[in-house]
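K.L.:
Spelled out, the chains give:
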Amino acid sequence: GAVVSQHPSRVICKSGTSVKIECRSLDFQATTMFWYRQFPKQSLMLMATSNEGSKATYEQGVEKDKFLINHASLTLSTLTVTSAHPEDSSFYICSAPTSGGAADTQYFGPGTRLTVL
Amino acid sequence: GDSVTQMEGPVTLSEEAFLTINCTYTATGYPSLFWYVQYPGEGLQLLLKATKADDKGSNKGFEATYRKETTSFHLEKGSVQVSDSAVYFCALKYIQGAQKLVFGQGTRLTINP
Numbered sequence: 003g004a005v006v007s008q009h010p011s012r013v014i015c016k017s018g019t020s021v022k023i024e025c026r027s028l029d030f031q032a033t034t035m036f037w038y039r040q041f042p043k044q045s046l047m048l049m050a051t052s053n054e055g056s057k058a059t060y061e062q063g064v065e066k067d068k069f070l071i072n073h074a075s076l077t078l079s080t081l082t083v084t085s086a087h088p089e090d091s092s093f094y095i096c097s098a099p100t101s102g103g104a105a106d107t108q109y110f111g112p113g114t115r116l117t118v119l
Numbered sequence: 054g055d056s057v058t059q060m061e062g063p064v065t066l067s068e069e070a071f072l073t074i075n076c077t078y079t080a081t082g083y084p085s086l087f088w089y090v091q092y093p094g095e096g097l098q099l100l101l102k103a104t105k106a107d108d109k110g111s112n113k114g115f116e117a118t119y120r121k122e123t124t125s126f127h128l129e130k131g132s133v134q135v136s137d138s139a140v141y142f143c144a145l146k147y148i149q150g151a152q153k154l155v156f157g158q159g160t161r162l163t164i165n166p
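Respectively, the protein sequence lines represent chains C and L. End of the first sequence = 119 in this note's numbering, gap-free, step of one. End of the second sequence = 166 in this note's numbering, gap-free, step of one.
Honestly, I wouldn't trust all of these hints.
Within a straight-line C-alpha distance of at most 27 Å, the following computed DSS-like cross-link-like pairs (lysine-lysine) qualify [claimed, not checked]:
#1 L:Lys153 with C:Lys43
#2 C:Lys22 with C:Lys66
#3 L:Lys102 with L:Lys121
#4 C:Lys22 with L:Lys153
#5 C:Lys66 with L:Lys153
#6 C:Lys68 with L:Lys153
#7 L:Lys130 with L:Lys113
#8 L:Lys130 with C:Lys43
#9 L:Lys121 with L:Lys153
#10 C:Lys43 with L:Lys102
#11 C:Lys57 with L:Lys153
#12 C:Lys43 with C:Lys66
#13 C:Lys43 with L:Lys113
#14 C:Lys68 with C:Lys43
#15 C:Lys22 with C:Lys57
#16 L:Lys109 with L:Lys153
#17 L:Lys105 with L:Lys130
Heads up, incomplete: computed chain C residues facing chain L, CB under 8 Å, no partners named [said to hold, decoys possible]:
#18 Thr34
#19 Phe36
#20 Gln44
#21 Ser45
#22 Leu46
#23 Leu48
#24 Thr51
#25 Ile95
#26 Pro99
#27 Gln108
#28 Phe110
#29 Gly111
#30 Pro112
FYI, nobody ran anything at the bench for these hints, they're computed from the structure. For each residue, glycine too, the CB sits at the ideal point set by N, CA and C.
Please model the entire structure based on the sequences and the hints provided.
P.N.:
Pasting the structure below:
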């Protein structure tokens with residue numbers, strides 16, 4: 003099946019610094035990717051939709067200036083957490099759908115655990 | 054708005070027990086329905102899916118039937134194994150338009166030997 007990778011898998015940073023997380027579709031092209039945030043023992047919360055060649059679409063309540071998304075190519079989207087604070091500590095997950103149609107499926111990356119000290 | 058509701062966990066069963074995890078949804082149209090599984094320390098994996106009413110998705114001994122009349126997509130397995138211990142997420146997605154998945158809150162399943 004299709005593979006989506008994320009890098010890094012874990013990152014620890016100091017408060018006030020910025021952290022970049024990469025999401026790559028390894029064997030297919032993705033014009034759209036999704037970024038989720040997962041809190042401990044809770045469901046995934048969609049943060050934004052990353053669109054290749056255009057601006058990301060953010061969900062209500064998500065600060066676009068804090069969570070910068072860049073869809074640089076058909077296989078790469080990046081999420082940058084700017085001026086990170088301890089409350090930004092979470093598990094960040096990306097996903098990418100394969101080709102459209104009734105049977106399309108999303109593939110998820112393994113996630114990135116961010117800890118802000 | 055669209056939403057997915059799962060039975061609250063955690064669920065703890067003995068090996069070879071019968072499993073049911075309830076999932077109901079609220080949607081304005083006719084979404085596709087999914088079950089995802091998240092094993093400890095890993096990312097979400099698609100377990101099974103159904104794209105229209107009365108379809109049955111199945112994989113690894115798990116089954117779920119898309120019931121339009123009850124807006125449900127309950128996950129079942131006849132005989133669970135220790136290796137099935139994971140968090141299970143029910144989700145919906147529309148075929149047309151934005152391909153956003155709407156997830157339930159997840160159900161943590163623990164199987165004891």
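K.L.:
Would you mind marking each hint as holding or not holding in the structure?
P.N.:
These are the hints, each one checked on the structure:
no., hint, in the structure
1, L:Lys153 with C:Lys43, "holds, 21 Å"
2, C:Lys22 with C:Lys66, "holds, 14 Å"
3, L:Lys102 with L:Lys121, "holds, 14 Å"
4, C:Lys22 with L:Lys153, "holds, 23 Å"
5, C:Lys66 with L:Lys153, "holds, 18 Å"
6, C:Lys68 with L:Lys153, "holds, 22 Å"
7, L:Lys130 with L:Lys113, "holds, 9 Å"
8, L:Lys130 with C:Lys43, "holds, 23 Å"
9, L:Lys121 with L:Lys153, "holds, 20 Å"
10, C:Lys43 with L:Lys102, "holds, 23 Å"
11, C:Lys57 with L:Lys153, "holds, 16 Å"
12, C:Lys43 with C:Lys66, "holds, 25 Å"
13, C:Lys43 with L:Lys113, "holds, 24 Å"
14, C:Lys68 with C:Lys43, "holds, 24 Å"
15, C:Lys22 with C:Lys57, "holds, 17 Å"
16, L:Lys109 with L:Lys153, "holds, 22 Å"
17, L:Lys105 with L:Lys130, "holds, 21 Å"
18, Thr34, "holds, 7 Å"
19, Phe36, "holds, 7 Å"
20, Gln44, "holds, 7 Å"
21, Ser45, "holds, 4 Å"
22, Leu46, "holds, 5 Å"
23, Leu48, "holds, 6 Å"
24, Thr51, "holds, 7 Å"
25, Ile95, "holds, 6 Å"
26, Pro99, "holds, 5 Å"
27, Gln108, "holds, 6 Å"
28, Phe110, "holds, 4 Å"
29, Gly111, "holds, 6 Å"
30, Pro112, "holds, 4 Å"
Figure legend: structure checked against the earlier numbered hints; every hint is met.
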